[in-house]
Amino acid sequence: VKPAPFEYFEATSVEEAVGLLAEHGDGAKLLAGGQSLVPLLAFRLVRPACLVDLNRIGGLAAVEARDGGLAIGAMTRQRTLERSELVRARAPLLHEAVRLVGHPQIRTRGTLGGSLAHADPAAELPAVVTALDATLVAQGPAGRRELAARDFFRSYLTTALAPAEVLVEVRLPAASPGAGTACLEVSRRPGDFALVGLAAVVTLDGGGVCRQARLVFFGAGPVPAVAAGAARELVGRPIGEETLARAAAAASEELSPDSDIHASADYRRRVGGALVRRAVSIAAARAGAGAA
Amino acid sequence: VTPRRYAIVADVGRAINPTIVEGQLAGGVAHGLGGSLLEELVYDAHGQLLTTTFMDYLVPGSADVPPIDVTLVEAPAPSNPLGVKGAGEAGTSGTGAALANAVAHALGLPVTTLPLSPARVLAMLAGETPP
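For the record, the sequence lines run as chains A and B.
With the numbering used here as the guide, the letters of the first sequence map in order to residues 1 to 292.
With the numbering used here as the guide, the letters of the second sequence map in order to residues 1 to 131.
Looking at chain A on its own, in the form it has when it is part of the complex (with noise of 0.2 Å):
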């Protein structure tokens, strides 16, 4: 179906946009890749008086190697992020993810930025920028600011960004020695949204042990859900059998996802362990392979 009427806006600049967003408040949008607005859009099921289209604005592309991480441009199309050298090699679970996102046609068109801004919960980008402690940079009136990803996604589609903020930039940090990592997800159709799914980072010292664990689920609940309990279970553990077990356990019992017509929330709990299992043990045999 068509959209209801809009006015639309081409901002050039990052001042322009976010002037523009001051001017209409509550009725504006931003348009990034359009992926998920426009068909939200032609549903109706958002009715905003006015669109910004960041599309033509410049210098919010970028992927940058800095201190040792990356730092990528909001409007990033996810095509880009699963091409590039430089995130297969500093952000290997970036890499993994965006692959998961959509189907190709949709990563050409989607951004980096637009992903997190949007805040799916069932979203692959926002738990992985949670798994990897990213920093996200936001510009408003009064200027940029940095926000931890993990303050950053506040409930199902809502976020830590103020009205007329936008997000402009996410800062990676640079990968610990002895990190691997996995992201895996279950879904009814490749492509398809996650009924549940999994973002491991597991850094392994020298003997195997497990010092750090960061294991954050989509499609758990209304925000990226951080597995705390079963992190915990790995921790000064060597990745095995038993460990693995108690993580699964640990993380079914933590989780509180909801049912919806796809997936009960206890389907989501017992598969959410299973991911555990698999995503960890990947991990951790990348991590492994990395420090030999």
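Treat the hints loosely; a few may be bogus.
Derived contacts from chain A toward chain B, CB cut-off under 8 Å, selection only [stated by the list, open to error]: (1) 6; (2) 186; (3) 261; (4) 263; (5) 264; (6) 269.
Away from chain B, derived, C-beta distances all over 10 Å, residues of chain A [said to hold, decoys possible]: (7) 89; (8) 206; (9) 252.
What follows is a set of in silico ranges between Cβ atoms, one per label pair, in the way DEER data are often shown [said to hold, decoys possible]: (10) A:288 - B:18: 51 to 61 Å; (11) A:174 - B:43: 30 to 40 Å; (12) A:64 - B:44: 47 to 57 Å; (13) B:18 - A:259: 40 to 50 Å; (14) A:44 - B:47: 21 to 31 Å; (15) A:238 - B:113: 40 to 50 Å; (16) B:89 - A:235: 50 to 60 Å.
For the record, the hints were derived by calculation from the structure and aren't laboratory data.
No residue lacks a Cβ here, since even glycine has one placed at the ideal position from N, Cα and C.
Let chain A serve as the given structure and place chain B on it in line with the hints.
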């Protein structure tokens, strides 16, 4: 449940244009796989249909359908001058039973409900009544 390969043998009478007949049967199988694995009309307690868009009513796309081997058996029908029989929907009819039997064989458990969603299969594995 991921079908790796699907084989269908169909008595189509006389295949006037075999390519079209094979395509019809393969299309029927794709439709049947959708009904066996994905497609479901879900209603809420008030009878309101919940699966009203293709975001929620899932159908297989070409990438979701495994290779299909179609074998035509031509036994011309005596009842009409061309010797033709119905073809096409025949691809759909057997799919549910074929998938259910394959899963029953793999798990050693009876399958009584379609579609075979992940939640149903997991419930069967856990010895629970499928949702």
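Hint-by-hint comparison with the structure:
The closest approach between the C-beta of residue 6 of chain A and any C-beta of chain B is roughly 22 Å, which is over the 8 Å cut-off, so the hint fails. The interface hint given for residue 186 of chain A holds, since its Cβ lies 7 Å from the closest Cβ of chain B, which is under the 8 Å cut-off. Annotation: residue 261 of chain A was flagged as interfacial toward chain B, and the flag holds, the nearest CB pair being 5 Å apart, inside 8 Å. Annotation: interface hint on residue 263 of chain A holds; nearest CB of chain B at approximately 6 Å, less than 8 Å.
Nearest Cβ of chain B to the Cβ of residue 264 of chain A: about 6 Å, under the 8 Å cut. The hint holds. Look at residue 269 of chain A: its Cβ only gets to about 11 Å from chain B, farther than 8 Å, so that hint breaks. Non-interface status of residue 89 of chain A relative to chain B is upheld: no Cβ of that chain comes within 10 Å, the nearest being about 29 Å off. With a minimum CB-CB distance of about 39 Å to chain B, residue 206 of chain A clears the 10 Å threshold, and the non-interface call stands.
A cut-off of 10 Å between C-beta atoms confirms that residue 252 of chain A is not in contact with chain B; the least separation is 13 Å. For the hinted restraint 51 to 61 Å between residue 288 of chain A and residue 18 of chain B, the CB-CB distance of approximately 55 Å keeps it satisfied. A hinted range of 30 to 40 Å is violated for the C-beta pair residue 174 of chain A and residue 43 of chain B, which are about 52 Å apart. For residue 64 of chain A and residue 44 of chain B, the Cβ-Cβ distance of about 49 Å falls inside the hinted range of 47 to 57 Å, so the restraint holds.
For the pair residue 18 of chain B and residue 259 of chain A, the beta carbons lie near 48 Å from each other, so the given range of 40 to 50 Å is met. At about 24 Å, the CB distance of residue 44 of chain A to residue 47 of chain B agrees with the hint of 21 to 31 Å. Evaluation of the 40 to 50 Å hint for residue 238 of chain A and residue 113 of chain B yields a pass: the beta carbon distance comes to about 42 Å. The hinted window of 50 to 60 Å between residue 89 of chain B and residue 235 of chain A holds, with their beta carbons roughly 58 Å apart.
Checked against the numbered hints given earlier, this structure breaks hints 1, 6 and 11; the rest are met.
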